[in-house]
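S.K.: Residues per chain, in single letters:
Protein chains: 2
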Amino acid sequence: MKPIQVGLLGIGTVGSGTFNVLQRNQEEIRRRAGRGIAITMVADLDVERARAAVGPDVTVVNDARQVVANPEIDIVVELIGGYGIAKQLVLEAIEAGKHVVTANKALLAVHGTEIFAAAQRKGVMVAFEAAVAGGIPIIKSLREGLTANRIEWIAGIINGTTNFILSEMRDKGLDFDVVLKEAQRLGYAEADPTFDIEGVDAAHKITLMSAIAYGVPVQFDRAYVEGITKLGAADIRYAEQLGYRIKLLGITKRVAAGIELRVHPSLVPAKRLIANVEGAMNAVMVQGDAVGTTLYYGKGAGSEPTASAVVADLVDIARLHTADPEHRVPHLAFQPDEMSDVSVLPMSEVVTSYYLRLRVADQNGVLAKVTGLLAAAGIGIDAVLQRESEDVGGEGAPQTDLIILTHDTREGTMDAAIAQMQVLPTVLAPIVRIRKEELA
Amino acid sequence: MKPIQVGLLGIGTVGSGTFNVLQRNQEEIRRRAGRGIAITMVADLDVERARAAVGPDVTVVNDARQVVANPEIDIVVELIGGYGIAKQLVLEAIEAGKHVVTANKALLAVHGTEIFAAAQRKGVMVAFEAAVAGGIPIIKSLREGLTANRIEWIAGIINGTTNFILSEMRDKGLDFDVVLKEAQRLGYAEADPTFDIEGVDAAHKITLMSAIAYGVPVQFDRAYVEGITKLGAADIRYAEQLGYRIKLLGITKRVAAGIELRVHPSLVPAKRLIANVEGAMNAVMVQGDAVGTTLYYGKGAGSEPTASAVVADLVDIARLHTADPEHRVPHLAFQPDEMSDVSVLPMSEVVTSYYLRLRVADQNGVLAKVTGLLAAAGIGIDAVLQRESEDVGGEGAPQTDLIILTHDTREGTMDAAIAQMQVLPTVLAPIVRIRKEELA
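Order-wise, the sequence lines are chains A and B. When you line the first sequence up against numbering that gives the first Met the number 0, it's residues 0 to 439, in that order. When you line the second sequence up against numbering that gives the first Met the number 0, it's residues 0 to 439, in that order.
Wrong hints could be hidden among the right ones.
Within a straight-line C-alpha distance of at most 30 Å, the following computed DSS-like cross-link-like pairs (lysine-lysine) qualify [to be verified]: (1) A:K121 - A:K180; (2) B:K180 - B:K121; (3) B:K229 - B:K1; (4) B:K86 - B:K171; (5) A:K229 - A:K368; (6) A:K270 - B:K180; (7) A:K121 - A:K86; (8) B:K121 - B:K171; (9) B:K229 - B:K171; (10) A:K171 - A:K229; (11) B:K229 - B:K270; (12) B:K1 - A:K121; (13) A:K171 - B:K270; (14) B:K270 - A:K270; (15) A:K171 - A:K86; (16) A:K270 - B:K121; (17) B:K86 - A:K180; (18) A:K1 - A:K180; (19) A:K171 - A:K121; (20) A:K1 - B:K121; (21) B:K121 - B:K1.
Simulated restraints, written as ranges between beta carbons of each label pair [stated by the list, open to error]: (22) B:G379 - A:L427: 40 to 50 Å; (23) A:A269 - B:E239: 44 to 54 Å; (24) A:A269 - B:E348: 37 to 47 Å.
If you are wondering where the hints come from, they were derived from the structure by calculation, not from laboratory data. Every residue gets a Cβ at the ideal spot worked out from N, C-alpha and C, and that includes glycine.
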């Protein structure tokens, strides 16, 4: 059987990784897939870079539409990124009856509904293992490996840049700004790191996992997104003293009232495996009603780890494209006519526990006043850590840090209580609030 | 479309879990699979137990052949276990053109070649996710998620009983025999725990993963198998002092000369995620040339975790049975006519590093003598831990424990050096040798 013909749109980091992995392991991949998989055409605006990457046997063009329109091409791999031209090209490839493989989480989290519907109409596959957690086969695990389960929640470290920054902040006791510069110097953070450090990238990924877990459409616009830019080294230290680590988690949870979908820094018990995922590594925890807790760990980015997922999708398509389209694995795990419309909850309705840090005047009665307000709001206290005033220093009247861990509380209730505490004359600075997840 | 009809052979722990999960989550499973999945017939020697487990709507028989012969049944789930009647029934089901799902690692590790060949001839699937690591989708991850990779090695904690025992020995400083009795009382170890504690169960599982990773036939008879019965609390303590944990690992590795396939207690650096997998949990590390290190963690046994894998296989079959048989995912990841015959190496050819514990007379010159012998054999020393003699007690002349960590060494070379050290007059007891894996 002749090799399946692949056209690549964009040959940057992941594109060249994909080309290299397919070349290097072509013999083993053919033995697995039952037929060869060959990249025969590449489109990139930088034709010289592309030519250098793929050598003389591959057709290189600077117009992606030539790839999409080529009847010889069976599968289009979209590695351009973003919502603009990438969306147009993916839709045109689908219209041309081609299967599509993409690593574009932003595109699918925002326009997935339209794209999957188009693919369904044309009977082609849109595969996107590379869009979430790089080489970790988490989409496959959720969509195929855990089909027996009612998924209860997913919590993931799904952005390597922010996990690297948090690991460094903790190891070296440095503040966010300092570590970000270091991360940029080392290539772990981009020149414009906004999507990573503000949690947007993680939100794209948890949006896709949420849809797959619960059989709901992608709803990125309903996700709560909070990054790590406001985290202080002090909070990481206090969390440690209380037995926790701070991680940027993407979380989606099924509760009676609907679905939680949120990204924010979270305290996680230090003894959990996921709390020990360091540096740029990714890990996803999945809780299913039958299987219990499972965890998937690996490199979430980089040339060949991401290529590993792209090529796995190519092999899937090579293996399974003969299946009756209605019986292939559905794009979002559930059959398209079987999606439910459970709503994503507003953040005020989310129930979780909290770490609070209050910079207070070091005088009698402050703790009583603060805990009295919490009690009046019906918020239970799990632990209190009051620092000696010499621990935190400060000029003028003595100040100290008061750290409180709460029990589970509705976020709306917590917001109101924080507003009340904030106006106390003995509270001297904006209250720091970080959510806490027990993940058990 | 009418539900796919499933016949269950054996309704013990896993069988009743499978029935319960399919019942409880039937609506979600149908939305995922595109059609219902119904257990309509159950065979068990204990008809009353079976009847109590499944209720009045399911046909219960005591003769498994009635299930296998029933033309209404699309898929047979074999949960009898062992090599005897289970093998016969699986082959008969295949002959009758039925797909088979099984959790029987022993059967497939020993007779897999014959069974997969029969399935291939008849164009049916034999699915066995539940045979390895319970609910963790590790077979799917290896066979489909990591197809881009040249797999370099796999190392897994794939027997919950032994991991529970080792965790308890470490936490409580107790000896093997004591903890085994406790594990039996708690139901973590069977009345006859031989297959678990001697490493046979783990060897069945690593044999299956090895075949899938490298595209070789199952070769259980070539596996090296060593259990945990001879481990002392002292070795666990010394390992800890050197920064290691002791785990029973199933290991398969591709090296230039062939394939390593082995199960034995191993020292693992304490900072590795897998070293922190405690109690009855399972975890599998996979090293691929493109993806790097990945890890999969979850419950490796139990009623519903194992049922999670059985039902995932049922959904896979419901989804994909319309695919051209030649294009379905191959049983052992590689197409059947593309298997290679790389040989499994004898243990003497395996290269790894070692922990040695020598009970020696506490006198001058012993360390020099021992290290001299190692140097003469070309064995490099990574670390030495010499205990104060009062640390270990003892009657008569003072004795002490001498612990040595070596660099990588051929096992045959190590065996010869141990034999030489053993006959030194200052070596007072059998030398303890535990292999060490850096897993990096």
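S.K.: Given the hint that B:K270 pairs with A:K270, does the C-alpha gap stay at or below 30 Å?
M.R.: Within the cut-off at roughly 13 Å; holds.
S.K.: Is the straight-line distance between the alpha-carbon of A:K171 and that of A:K86 30 Å or less?
M.R.: 42 Å, violated
S.K.: Does A:K180 sit within 30 Å of B:K86, going by the straight-line distance between their CA atoms?
M.R.: Roughly 62 Å between the alpha carbons, so the hint for B:K86 and A:K180 is violated.
S.K.: Starting from B:K121, check that the Cα of B:K1 is at most 30 Å away, please.
M.R.: 23 Å, holds
S.K.: Mind checking the alpha carbons of B:K229 and B:K1 for me, to see if they're no more than 30 Å apart?
M.R.: 55 Å, violated
S.K.: Range hint 37 to 47 Å: satisfied by the CB atoms of A:A269 and B:E348?
M.R.: 42 Å, holds
S.K.: Would the pair A:K1 and A:K180 pass a check requiring their Cα atoms to be no farther apart than 30 Å?
M.R.: With a Cα-Cα distance of about 49 Å, the restraint between A:K1 and A:K180 is violated, given a limit of 30 Å.
S.K.: Going straight from one Cα to the other, do B:K180 and B:K121 come out at no more than 30 Å?
M.R.: Not satisfied, since the Cα-Cα distance of roughly 47 Å exceeds 30 Å.
S.K.: Against the 30 Å threshold, does the CA-CA distance of B:K1 and A:K121 hold or violate the hint?
M.R.: 26 Å, holds
S.K.: CA of B:K229 to CA of B:K171, is that 30 Å or under?
M.R.: Holds - the C-alpha atoms of B:K171 and B:K229 are around 17 Å apart, at most 30 Å.
S.K.: Does the alpha-carbon distance linking A:K270 and B:K180 stay inside the 30 Å limit?
M.R.: The given pair, whose Cα atoms are some 27 Å apart, holds under the 30 Å limit.
S.K.: If you draw a straight line from the CA of A:K171 to the CA of A:K121, is it 30 Å or shorter?
M.R.: Given that 30 Å is the threshold and the Cα spacing comes to 53 Å, the pair is violated.
In terms of the numbered hints stated before, the structure departs from hints 1, 2, 3, 4, 8, 15, 16, 17, 18, 19, 22, 23, listed from lowest to highest.
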